[in-house]
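Each protein sequence line maps, in turn, to chains A and B.
Using the UniProt record's numbering, the letters of the first sequence map in sequence onto residues 1 to 286.
Using the UniProt record's numbering, the letters of the second sequence map in sequence onto residues 1 to 265.
No wet-lab data here; the hints were simulated from the structure.
Check before you lean on any hint, since a few could be wrong.
Stated by the list, open to error - In silico contact screen, one side only, chain A against chain B (beta carbon under 7 Å); selected entries:
hint: 1; residue: Trp21
hint: 2; residue: Pro36
hint: 3; residue: Thr49
hint: 4; residue: Ile94
hint: 5; residue: Phe152
hint: 6; residue: Pro207
hint: 7; residue: Asn226
hint: 8; residue: Asn266
Where is the CB? At the ideal position from N, CA and C, for every residue including glycine.
Given next are the chains, with one letter for each unit.
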Amino acid sequence: MASATLSTPAKARPRAAAWAWALPPVGLLALVFLYPLALVVQQSVRPDTGGTSVQPYADVFASEAFREALWTTVWLAAASTAGCLVLGFVLALIIAFVPFPGARAVSRFIDVFLSFPSFLITLALLFIYGSTGMAGGLWTDATGAGEGPFQFLTTPWGVLLAEITYFTPFVMRPLLAAFSQLDTAQLEAASSLGARAPRIIRRIILPESLPALAAGGSLVLVLCLNEFGIVLFTGAKGVTTLPMLVYGKAILESDYPGACVVAVVNVLISVGLYGLYRVVSRRAGA
Amino acid sequence: MLVHSRKARWAVWGVFLILFLPLFALPLLVVVGASFATHWSGVLPSGMTTANYQAATRGEALQALTTSLVTAVTASLLALAVGTWAALAAAGLRKRSRKVLDALFVLPVAVPSVVVGLAILVAFSRPPVLLNGTRWIVIAAHTVLVTAFAYQSVSAAITRLDPAYEQAAASLGARPATVLRRVKLPLLLPSLTAAVGLCFALSMGELSATMMLYPPDWTPLPVLIHAATDRGALFTGSAIAVVLMAATLLVLLAVSRIRTRASYR
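Just chain A, same shape as in the assembly (with noise of 0.2 Å):
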């Protein structure tokens, strides 16, 4: 509101009327997310056997399981977003300093990419890499040996290799669009100056785009934290991670507490992780 009123009851009205325009949206999401969430919350601390105590936290931290589930959690989020930086740092640089025919149906095509669930990456790797599929075939053939070397689908190197490939086009597309924004005449300044492109990368190219990283980064990080469909559809029992978890407790057996601690666990994680992205994301102006 750009307006000029300098009297307060005049500047009181439109303000009051700005926020009564703000409540119904922000009372259905009270009703249909705050309120649940709180159910959550509150559920965390009532043991099935009555009352109200901290019992359900201390069974689920001492618990084996959590624990493990709390550090492959970690690791995997960690490594994919590792995988996703470099992978898409290089797939981006090629796409915009190196561009070929083609390139722009490139970055259609993981636009596309984007639109599509990311189980459909395992199903594919079930045929890729499963036991008798499209690799194992190759190598069969190419060896005679009855079986493949590539079992790695049901550990948690499965669910790297599928997150890393579903959610690098996350950090492309900022990286794409930073890209754009670079001045060309520095990049032909420095070449015409005698430096060579890993050095002209190393110093122009990725301090400009560190911005850019850091949210992409952080975005990937908090959604592979918070990734199930993957996970799920490898069938994997040795890989669990935390939303596995809650739903496991939740559905499979019912242990509805016990799914709260851990659902309340997985929120804290990951909304912290997402609030330190939005900070970066602002000031890198993405």
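Based on these hints, arrange chain B on the given structure of chain A.
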């Protein structure tokens, strides 16, 4: 142009293809290939057939497709209405209050979808609002999840809007409702359609929250794909997945046509 010699450029493009094709193009091709196959025990699928599609377009699968479409359309339209309203209301607030609203409406992105599902399941399985076992609990969860994206893209568009148009309309005596209907919303139309397309695609592929709370008679496509692959019917699952991708792409294409027609106005 970063690489000048012809040879080096071809080498870089080679690296790109080696990284890009197996990681991004191959998975989609593989799912499409598998949807036409009955076996996959070599390099290429074998036993070409269209029987998977016959299974994927009738009975249970057809019902799941309708379920997904109804859920996604309802959720994305609701999300668009609520998100646009909230974004417009936030634009009228002072900077501080606007930040509070921003944080509130993007919170569902940060909260894991599984937890959103759990929360809605816990909240609506008890009075006063009993939705558990109905289709509305699925639609409510999807709406919560996609509203954040609708809000984000509409509010980004509002900040890019040139205030001169609405000020001119207001100075010519247009009431706020008229300004909104005749000036702001038409200017925002391209972003609104983009937002609704994004919400639709996200809702079509939503699995995490849905797994927590879908009732047996309201099974969306992703849940059916999971059920198929879980019992080992990978090829039928792929055919259903292709149906899901095709339906999503067709609707996105239709929505983007609205956008181009609007931007010529």
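For each hint, the structure was consulted:
1. For Trp21/A, the suggested interface contact is upheld, since its CB lies about 4 Å from the closest CB of chain B, less than 7 Å.
2. Look at Pro36/A: its Cβ gets to within about 4 Å of chain B, closer than 7 Å, so that hint holds up.
3. At about 18 Å, the closest approach between the beta carbon of Thr49/A and any beta carbon in chain B exceeds 7 Å, and the interface hint on this residue is violated.
4. The beta carbon of Ile94/A is positioned within 7 Å of a beta carbon in chain B (closest approach about 5 Å), and the interface hint is therefore held.
5. Taken as an interface hint, Phe152/A does not check out: its beta carbon lies about 15 Å from the nearest beta carbon of chain B, beyond 7 Å.
6. Checking Pro207/A against chain B: minimum C-beta separation of about 16 Å lies over 7 Å; hint violated.
7. For Asn226/A, the interface hint holds, since its Cβ comes within 7 Å of a Cβ in chain B; the closest pair sits about 4 Å apart.
8. At a threshold of 7 Å, the smallest CB-CB gap from Asn266/A to chain B is about 5 Å, leaving the interface hint in force.
The earlier numbered hints that this structure contradicts are 3, 5 and 6.
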